[in-house]
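Peer 1: Okay, here's what each chain looks like letter by letter:
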Amino acid sequence: MPDAITILLTTIFVNNFVMVQFLGLCPFMGASNRLDSALGIAAATLFVMTLASSLSYLLNAWFLVPLEIEFLRIILFIVVIAAVVQFAEIVMRAMEPRLHQQLGVYVPLITTNCAVLAVALLNIKLATSMIEALFYGAGAGLGFGLVLILFAAMREHLEAADVPKPFKGTPIHMITAGLLSLAFMGFTGMS
Amino acid sequence: MLVDIISTSMPYQAVLLMIAMGSVIAWALCWAERKLPPDTASQIEALNQLLPQTQCAQCGYPGCRPYAMAIQTGKAPINLCPPGGQITVKKLAELTGQSLKILSSVSDPTMRAVIRESDCIGCTLCIEACPVDAIIGATQKTHTVIEDECTGCELCLPPCPVDCIDLVSISLDTTSVDTTSHVVASSLDKTQPQMSASIAVSDDCVRCGECIPVCPKSLTPVAMYWQRNNVTEMEALRLAECIECSRCDRVCPSELPLATIFSDAKGTLRQEQQRKESAIYSEARFSAREERRTHAPPVSKSPIPTPSDLLKIAQRQRVETGQDGI
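For the protein sequence lines, the chains are A and B, in the order given. Residue 23 in numbering that gives the first Met the number 0 sits at position 24 of the first sequence, and the numbers go up by one each step. Residue 195 in numbering that gives the first Met the number 0 sits at position 196 of the second sequence, and the numbers go up by one each step.
In short, the hints are calculated from the structure, not lab data. Beta carbons are placed, not taken as given, at the ideal position from N, Cα and C, and that holds for glycine. Do not take every clue at face value.
Unchecked claim - Some chain B residues judged to face chain A by a derived CB distance under 7 Å, without partners named:
#1 12
#2 13
#3 14
#4 16
#5 24
#6 28
#7 40
#8 44
#9 76
Construct the entire structure; sequences and hints are all you get.
Peer 2: Shown next, in the form of structure tokens:
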């Protein structure tokens, strides 16, 4: 169990998928316009990552390795991720119709979030058990959510800030993301 | 040969696994879709789209969306919407899968509100109450009901302070009350010059309001159109500022000749103003003359002096001064 918690904390802070490994930058820039939609997308991504990483670990351990068809990994993992995203969308539509309406197109786009596939693929090398894989996925999802929410909050403040004209819009967002990344790089010293 | 290639380059396990995974996922998703409660928001939205959006509250709910929500949860039957009529009931039955019912309504669908114009005090309270904007009029002007628009919902009855609104059956009362003209029955109407009859305008303004955003002078062409037989009201709606650019003409779905109507109305308005000005001018002249007649002192009663009179005056003066030159 201590191992699992170490994995969780490491993936959230030290090996943060967005800020340290630079995965999932598209939704990071695209879905961080507003804090409430960032919260929604973070929750959906956490759900998808946790479920997809554990399912893909099981798929790999039970079918792909024994049958010696590891070359199908990417295709099958993508199918699993797409199915989990679809499931998440159905659940969200039934439970939280307003959130579903608000997030709209972003939920199916989680399928193409490269961080999700990266979690599934990296799991195979890093995790040794199903529990570890679960925590690895949850950690990745939490780290993604943390960074997304932080960045969305910063962007909301940037809207009101007096930014020099050449830096307005995307440039200042890129600079902010870089500074945030630097801050996360600082955690590397802890491991 | 072909079988050999397949068996060597494409392991059958892979194919089987793909098929198995696909079926399992498809089954799981279908199960989730069926098992979880259906999306209520889009159902309500679909029901709301079928309702006429008059927000008349005749169904007993505060508006069309609340009624749609009540239908969705099964609290309300589908036949409570009189403005929608039997057609709406049929559509709702198709959407919800319920059996078709006959429209039941608290109010008689053949009833229409009619304002007794002699009693109306022009308070505009009924205009605010009307859910379908079927009552037209302005403050201190007699209101009237557009019969075609009225749904007989009785919502205008309670606010009226003088109880001048009656509900009448349309089959009986259409002949006695002229509510088809869509004109504010103002007492001023009699004195207003009527629009030139050359423009044959049918009353097919659908009040879509398309003309409002396009007006470069931020006027309300639709309101001016509805007041087109009453230039005083049109003037209050800033008719004089209309530049007759005819942009409202171009967007009007009923292709009404709005700019021409406004141009005509401006002509009428100008005539009216000129007539008023000349009336004021002549009245001023008349009163000035009266003033002179009654108050000013009589200047001289004698007419212009003749030469002989002048001679007499001169002689008298000479006598008085004692200059007897002879």
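Peer 1: With 7 Å as the cut and Cβ atoms as the points, is residue 12 of chain B at the interface with chain A?
Peer 2: 4 Å, holds
Peer 1: Measuring from the C-beta of residue 44 of chain B to each C-beta in chain A, is the shortest one below 7 Å?
Peer 2: 10 Å, violated
Peer 1: Would the stated hint for residue 14 of chain B survive a check requiring a Cβ distance to chain A of less than 7 Å?
Peer 2: With Cβ-Cβ at 10 Å, over 7 Å, it is violated.
Peer 1: Return the status of the interface hint for residue 28 of chain B: holds when the least beta-carbon distance to chain A is below 7 Å, violated otherwise.
Peer 2: 6 Å, holds
Peer 1: Grab the minimum C-beta distance from residue 24 of chain B to chain A and call the hint holds if it beats 7 Å, violated otherwise.
Peer 2: Residue 24 of chain B check passes; min Cβ-Cβ to chain A is 4 Å, inside 7 Å.
Peer 1: Given residue 13 of chain B was flagged as interface, is its beta-carbon under 7 Å from a beta-carbon of chain A?
Peer 2: 5 Å, holds
Peer 1: Regarding the hint that residue 16 of chain B lies at the interface with chain A, is the smallest CB-CB distance below 7 Å?
Peer 2: Result: holds, 6 Å to nearest chain A Cβ.
Peer 1: Minimum Cβ distance from residue 40 of chain B to chain A below 7 Å?
Peer 2: 4 Å, holds
Peer 1: Hint check: is the beta carbon of residue 76 of chain B less than 7 Å from a beta carbon of chain A?
Peer 2: At 24 Å from the nearest chain A Cβ, residue 76 of chain B fails the 7 Å test, so the hint is violated.
Hint check: violations occur at hints 3, 8 and 9; the rest are consistent with the structure.
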